[in-house]
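**Student:** Sequence:
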Amino acid sequence: VARAFLDITYETYHREVGDYFGDVVLGFHNDEIMLTTTAFPVDTPFPPFPAIPWEPGLTEIFNKRYGYDLLSSLPALFHDIGPSTARIRCDFYRLIGDTCRDTFFRPIADWCSKHGVELRTQPLAEESLVAQTAFNGSVFSYLESAHVPSGDLLSFTVEMFKTRDQCLPAGKLVSSAAPIMGRA
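Here our numbering is used: the first residue of the sequence shown is 12, the next is one more, and so on.
Among the hints, a few may not be true.
Unchecked claim - Label-pair distances were calculated between CB atoms; the ranges are:
#1 A15 - E43: 16 to 26 Å
#2 D34 - A97: 31 to 41 Å
#3 T23 - K75: 31 to 41 Å
#4 P67 - V36: 11 to 21 Å
It is worth saying that the hints were derived from the structure and are not from the lab. For every residue, glycine included, the Cβ atom is placed at its ideal position computed from N, Cα and C.
Put together the whole structure using the sequences plus the hints.
**Tutor:** Dropping the structure here:
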């Protein structure tokens, strides 16, 4: 997917205005790219989510990385199964975030570095740690590949924050992520 995206977009930009890269064209901004799919329940608190991101081979990668069986742990992604629920959910969504980073965002960031421009990446639903986890996995994995972690908060009001589950200013999220990754 990353290679196709690069071929269709960035390679075209490079062909057309590549002489300006690093001088006039300083970088690219990815705004709320969604690489996974999920569903939000209507009028019900979440998590858990009624659908989760999945791809062939995910169980093998998970089992090797974390040392326990994902398939037998699946109930924890949808129900509270006791003390291990939080660990299983964190491991699962960290893997989803890392997979999106490694297979999509990092190749794009590497392309940008090679061509003298920066990648600014903004996660989808960054206003809420819960919502962005459903879309991107770990937000810190998502932002890690960016040269400049980014976010916005264009449509929220104080009143909306009071009614949303676990909302926070996107700027706070990005400003927390950036120093962890040694970025401005």
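**Student:** Please go over all the hints and tell whether each is borne out by the structure.
**Tutor:** Right, here's what the structure says about each hint:
1. For the pair A15 and E43, the supplied restraint of 16 to 26 Å holds, since their beta-carbon distance comes to about 19 Å.
2. In this structure, D34 and A97 break the distance hint of 31 to 41 Å, their C-beta atoms being roughly 48 Å apart.
3. Between T23 and K75 the C-beta distance comes to about 38 Å, which sits within the given range of 31 to 41 Å.
4. A hinted range of 11 to 21 Å for the beta carbons of P67 and V36 is inconsistent with their spacing of about 37 Å.
When held up to the earlier numbered hints, the structure conflicts with 2, 4 and fits the remainder.
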